[in-house]
Every structure is written in C-alpha cells, then in structure tokens.
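Respectively, the protein sequence lines represent chains A and B.
Residue numbering for the first sequence follows the numbering used here, starting at 1 and increasing by one per position.
Residue numbering for the second sequence follows the numbering used here, starting at 373 and increasing by one per position.
These are computed hints drawn from the structure, not numbers from a lab.
Take the hints with a grain of salt, since some may be wrong.
Computed list of chain A residues with no C-beta within reach of chain B, every gap over 12 Å [to be verified]: (1) G10; (2) R365; (3) V369.
Straight-line Cα separation of at most 20 Å, SDA-like style, residue types lysine to any residue; simulated pairs [claimed, not checked]: (4) A:K126 - A:T252; (5) A:K126 - B:Q567; (6) A:K126 - B:R566.
Here are some of the chain B residues that sit facing chain A, going by a computed Cβ distance under 10 Å [claimed, not checked]: (7) G643; (8) T685; (9) A688.
The beta carbon of each residue, even a glycine, is placed where N, CA and C say it ideally should be.
Residue-level listing of the chains:
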Amino acid sequence: MKYVDEFRSGALAAGLAARIAAECRPGREYRLMEFCGGHTHAISRYGLADLLPPAVRLIHGPGCPVCVLPIGRVDQAIALARDHGVILCTYADTLRVPASRGSSLLRAKADGADVRMVYSTQDVLKIARANPHREVVFLAIGFETTTPPTAVAVLQAAHEDLHKLSVLCDHVLTPAAMHAILAVTGGVPLDGFIGPAHVSTVIGSRPYEPFARDYAKPVVIAGFEPLDVMQAILMLVRQINDGRAEVENEFTRAVTPEGNRTAQALVERVFGVRDSFEWRGLGSVPHSALQLRPEFARFDAEQRFGQAYRAVADNKACECAAILRGEKRPQDCRIFGTACTPDNPIGSCMVSSEGACAAHFTYGRFRDVAAA
Amino acid sequence: MSRPHGRPLDIRHGRVDMSHGAGGRAMAQLIEELFAATLDNPLLRQGNDGALLPAPGERLVMATDSHVVSPLFFAGGDIGSLAVHGTVNDVAMMGAHPRWLSAAFVLEEGFALADLQRIVVSMAGAAREAGVAVVTGDTKVVERGKGDGVFITTTGVGVMRAGLTLSGDAARPGDAILLSGAIGNHGMAIMSQRQGLEFDAPIVSDTAALHGLVAALLDSGAAVRVLRDPTRGGVATTLNEIASQSQVGMLLEEGAIPVDAAVEAACELLGLDPLYVANEGKLLAVCAAEDAARALAALRAHPLGLRAARIGTVRADAHGFVQMTTRMGGRRVVDWLSGEQLPRIC
Ligand code: SF4
Chain A
1 MKYVDEFRSG ALAAGLAARI AAECRPGREY RLMEFCGGHT HAISRYGLAD
51 LLPPAVRLIH GPGCPVCVLP IGRVDQAIAL ARDHGVILCT YADTLRVPAS
101 RGSSLLRAKA DGADVRMVYS TQDVLKIARA NPHREVVFLA IGFETTTPPT
151 AVAVLQAAHE DLHKLSVLCD HVLTPAAMHA ILAVTGGVPL DGFIGPAHVS
201 TVIGSRPYEP FARDYAKPVV IAGFEPLDVM QAILMLVRQI NDGRAEVENE
251 FTRAVTPEGN RTAQALVERV FGVRDSFEWR GLGSVPHSAL QLRPEFARFD
301 AEQRFGQAYR AVADNKACEC AAILRGEKRP QDCRIFGTAC TPDNPIGSCM
351 VSSEGACAAH FTYGRFRDVA AA
Chain B
373 MSRPHGRPLD IRHGRVDMSH GAGGRAMAQL IEELFAATLD NPLLRQGNDG
423 ALLPAPGERL VMATDSHVVS PLFFAGGDIG SLAVHGTVND VAMMGAHPRW
473 LSAAFVLEEG FALADLQRIV VSMAGAAREA GVAVVTGDTK VVERGKGDGV
523 FITTTGVGVM RAGLTLSGDA ARPGDAILLS GAIGNHGMAI MSQRQGLEFD
573 APIVSDTAAL HGLVAALLDS GAAVRVLRDP TRGGVATTLN EIASQSQVGM
623 LLEEGAIPVD AAVEAACELL GLDPLYVANE GKLLAVCAAE DAARALAALR
673 AHPLGLRAAR IGTVRADAHG FVQMTTRMGG RRVVDWLSGE QLPRIC
C-alpha cells in the first residue's frame, strides 16, 4: 500500500507545483500535450489543473484507443455480427462507441447479434474453443500495449488450428499519430509532449527521438500517477526554458530506451504495417496501423469476410475530431453535457473514461459553471 | 413436535429439490426442521400466514431489501448475515429501532442443504445479535439454472424514535458530513474473492447491524438531519442522492476519507474507485455544523465507529455538484456512476 501512497502525496505535489510556478518565465506559455488518455484521466481525476500556474496549458492528445476508432470501423464489426452471424468479441469500452445511424455494438447486441465483451484475448480463445462450429471474430483495438496479447492469440490460434477464429485488426501506432499532429499545418501550437507510460514500456523511449530531433519538441515520458505527471511537467518547463528538445524519461521504473524486445518480436512476427489507416480526427495517416502478415491471412477477418472499409462522416455537432487534434476542448462542443453525456454518448470521446469529453464531464465540469 | 415426515432431513448430504417448494410434506419439513428450528422465537412460533405484532409507539418504519450475492460465503459474512444487516440498517437509517424481520427464500434446485443450513444459522446469529426476530417467512424453489443458489428478501419493521424525523431532503448548506469508518471493505472482500486476489491479510466485509451506532449518535443530542448507509454504489452514490434530494452541493476532502491499505491496493489493481464500492456496515450522517464535534465523539465512542471522520461540508450549489479536494490538492467532481463501470456486487 505504501506503493500507492508514495505516488499520491499531497505535500510532494504541492512542492512540485511551487517549483513549476517558480520556474515558469513571465509572459511565456507552456503548451504541453499529454498524448495518452491515461494521463488525461489522471489529470482530471486528481484535479491537477488546479495545481498548475495559468502559464502551463495542458492539451489532450489522441491517445485513447476507442476515441480514435472511426465510425466505419465500428460499422464493419456490426455488419459482421449482424449479417454474417459471427460471435463478435471485443473489449468493454468498444461496445458503446457510436456507429452509423445511432447504432453501436451494444445496440446490435440488444437487437440479437451475438456480441460478447471480453477482458482479455484469453477469453477470445476460450470462446473460439467452446464454439468450434461458429465463426468467432475479435475486434482488436488499441495502441502498442494491447497489440502483443493479440499477437499471442493469433499464434495460439494457429498452433491449435482454431480455423474459425479471425481478427478484425484496428491496432494503431503511437509515433505515427504524434507525427500526424505535428504535421497538420495550422494545427495546434505545441511546446512539448508528455509521453505515454504503458505504450513506452513496450516500444521504449527511442521511437520519440525524431520528435525532439526533427520537430524540436521535447518529450518527457511519464508514469500515470499524479506525481509522475507533475514531475514530467517540471522537466518539460525546464527543457523549454533551456531551449533544449530532448527525449527524457521520468518513468524509469518501467521504461527503458529499447522497450520490451520480446513483445516487439512477437508483434513483428504476426503484424505488418498498413500503408495507411483512417483515424477519427486525424484522417488518413500513413503507416499508422497494423494488419496481419500474409502468412496469417486466414485469421484476418477483413479478408475472410471480404469486408472493405468504408469511411463514414462523424455526427455534425460532434467536435471529437478537433478535440483529438488538440485544437478544441470538450467544453467547446455545443452539445457537451446536454445531448452528449457518458450515459448517452454522441461522439467517441464521451465513451471511455480516458476520453477527453468523458474525463471533463465526470471530473471537471464544475469548472465550466464557475467560469460561466 | 410431531414428526409426520418419517426420516429427518438429511442436511449433510441432501440437496434442494423441486418438492421443497411444492407446498407438500417436503416443504413443511424443510420449514420446520431448518427454518423454524433455527430462527425460533415466540412470534414465529405462532405459525400462521402472518405474524401478529404487539405494536408499541405511534410510528413504525418498514423497509425491504432483496439480497443476491456471489459468492454466497465471503470473508466476514455470508448472504444470511447480509440479509439481516441490510434490512436492519435500512430501518435504522430512518432513525427507528428495528424489531422484526420477514425472510423470503428463493432456492435453486440442487442447492446443498448443508449450505442452506449454514446460511440460516448465520442469519439466526445475526438476528440474535441485532436483537431482532424473524417472525414470518416464505420459501420457493426454482429449477436448476434459474437461480444463483439462494436469493433472500427480508423486510424489516422498526419502532420510530419519538420526535425525530430524518430525511434525505433535509441537508442544508453549512452542515457537516460525517462517515462512520473506512470504506469499500464489503465490495472489495467480495470482488477480491471473485477475482482470486490474495493479500497477506484478506479483506474482510464490514457487514454489521448499525442501529446501535445510530442510537449512540442520536443519544448525543446532535441535530442529525440525514442518515444513510452507503451500500451499492458506495459513498459517492449515496452523497449524490442526498445532494439531489436536498438540492445542495457538497465539498469533500479526499484526505479525510478513511480507506484501508488493502482495500486501496485491491481497488488500484482492479481499476476501481473506493468511493463507488459497496459498504454494509458504514453510515453517512449529515448534521448541523455546530454539533459535528459532539456527533463525531459519539460515533467514535462506539465499536463500529472508531474511525469515524468528518469528510466534508454541504454547500449551496444550484447544480448539485458533489465535489472533492483531492489528496493532490486539486478539485474534481465526484459524479454519479455512469454506465456499468462496476460489476454488481450486492
Ligand atoms: S461532447 Fe460528445 S459530441 Fe461533443 S465532442 Fe465530445 S464526444 Fe463529441
């Protein structure tokens, strides 16, 4: 238990806050993007914005797996469950992502489609073994942290010859999304990144070096504890003040420069990089997602069912796209908290607790009232 | 008593079957040899369709609660003790002294009689300890697969304290919010057992009858306005209910809310927030600010309130936000639970 307390000491937080305030240069803004939804959640959950001087502005990034999943991808999964009669397995949050015509996997399930929530890929394998005569499809989403378990499941399926199991692969890549954000011309001006925690334990700190080198943006990899985030902000303020742009690692207790080589090798064996992939908010991003390698093509649901991806526009009122690019904030959306709430999400950012809109609604919306 | 059933019930090896709910001899035998024998008291012995109660006082309080829990036996209790405590506490939170309970059992075909006996014995023990009598009951049996072992519904009747009214709409700006002890123990006892989590010292449910603690609090003379036991949905949900009923806001102090180390660690592991985890032996009280110290002292002087704390203050707020100053020093909303963030646990 000490373990948790160590990272949640109010006194340490106050100390870090005072140092950050003291080191911010007068008249200068520090616009920092926390890439990960995990950080967005921690910042809201602990009310960290209240500890920071006004000069530090935190901007939510696109690192929330269900947030960046475009409608067309959810439609694909719904079509498989409804029209092809498959058992469609996926993680809990994905069930509620709004799809075309007010649908979602949860609604499809209520209408009779066989949609099942799983906690891990082991659950998927169990379902496939228990239903040898049914097509079982795993809708696989997530960044580099959820990819290795999917790779393991595919290898296991090949080993056991679970030939009715396939994967609808929507795994995406963090560095590609960071490139996309920096590459948008006229996009959000940023002074630095709070780098991902769990993703970095897998990919290591090296993949962020181009952002420091080519874009002159400092990156500080941080753990998900509130003190990690405060410490990372201080490190970023110092880099910016010094005119440095480096990749620094605040999360040394879990992240190494090389990352987890075993996990990387597994992913490498099973997946190749797609030429391009559509993200909600970021549009089509080259080399930003994974697909199964040709030798595992029989486990690829897109090929197996001939399901081509069809892009679908977001709900007109929803500002998720601009929010995911860091250009707008949840409270800038006209239907935030009225038509769109966590119980009845219109856009994907209101679905997962890591989504910017859900985090702001759940923890931070009193600030809008105070400001109004 | 005469024994028209031939051999006594084979509790050690027997199982519930459909005949135990069919209204015939088997059912009568189950009621007589297990329920009536274990829960015995003069009112139950009346043996009629209902119990005739010697009602004293003017105002009575009645509350009912269905109990569904998996696992049926958990560290610190079982569905039997829980079914007594849950309803006793609902009556107690009204400010009444609980006296009588009814108990309705829905049994699943195939359920081991030995387990049923364990549950009924535990129920009898909990009732005795709480000074309440189970005065009437019912048993039904459902086919295998249509129940979860045992469901128990209890209804409680209690005698109201003279001159007192407590209600969820009575909180006023400035009032103090008190909590009787550490939160999350019941929910995490169940959840860690379900998930197979192991700790050096297992997390034990806090299930307990709270009317003694309530009496101690009310006897202190503090102006108590609202009492609630934060069961399903936890402290966060209960406070949101009070805030919306009373049309007020609240400001909590995270650092003042007691949470056991093991509970916090288990919550962390499962990604849960202890504020939303169920309790079965804790109460929340809203009382006049000037009486807070007196009320707190009364709670702390009782064995079930040793770690009682003042956790926040009621505020005027048109939006009815329950807010909290976090241990980090920042502020957040403590919202209603949305969707199905937590598995149902009680
Ligand atoms: S509040 Fe809802 S509709 Fe608006 S941007 Fe967020 S998710 Fe989209």
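Evaluation of the provided hints:
Here G10 (chain A) does not stay apart from chain B, with its beta-carbon only about 5 Å from theirs, under the 12 Å limit. Not every Cβ of chain B is farther than 12 Å from the Cβ of R365 (chain A); the closest lies at roughly 6 Å, contradicting the non-interface assignment. At roughly 6 Å, the least C-beta separation between V369 (chain A) and chain B is not larger than 12 Å, which violates its mark as non-interface. For a cut-off of 20 Å, the pair hint linking K126 (chain A) to T252 (chain A) is broken: about 36 Å separates their Cα positions.
Distance restraint check for K126 (chain A) and Q567 (chain B): the Cα-Cα separation of roughly 18 Å lies within the 20 Å cut-off, and the hinted pair is therefore satisfied. Taking the CA atoms of K126 (chain A) and R566 (chain B), the gap is about 19 Å. The hint holds against a cut of 20 Å. This hint holds: G643 (chain B) has a C-beta 9 Å from the nearest C-beta of chain A, less than the 10 Å allowed. A cut of 10 Å between beta carbons decides the hint on T685 (chain B): the least distance to chain A is about 15 Å, and the hint is violated.
At its closest, the beta carbon of A688 (chain B) sits 13 Å from a beta carbon of chain A; the interface hint therefore is violated under the 10 Å criterion.
Hint violations for this structure: numbers 1, 2, 3, 4, 8 and 9, all remaining hints satisfied.
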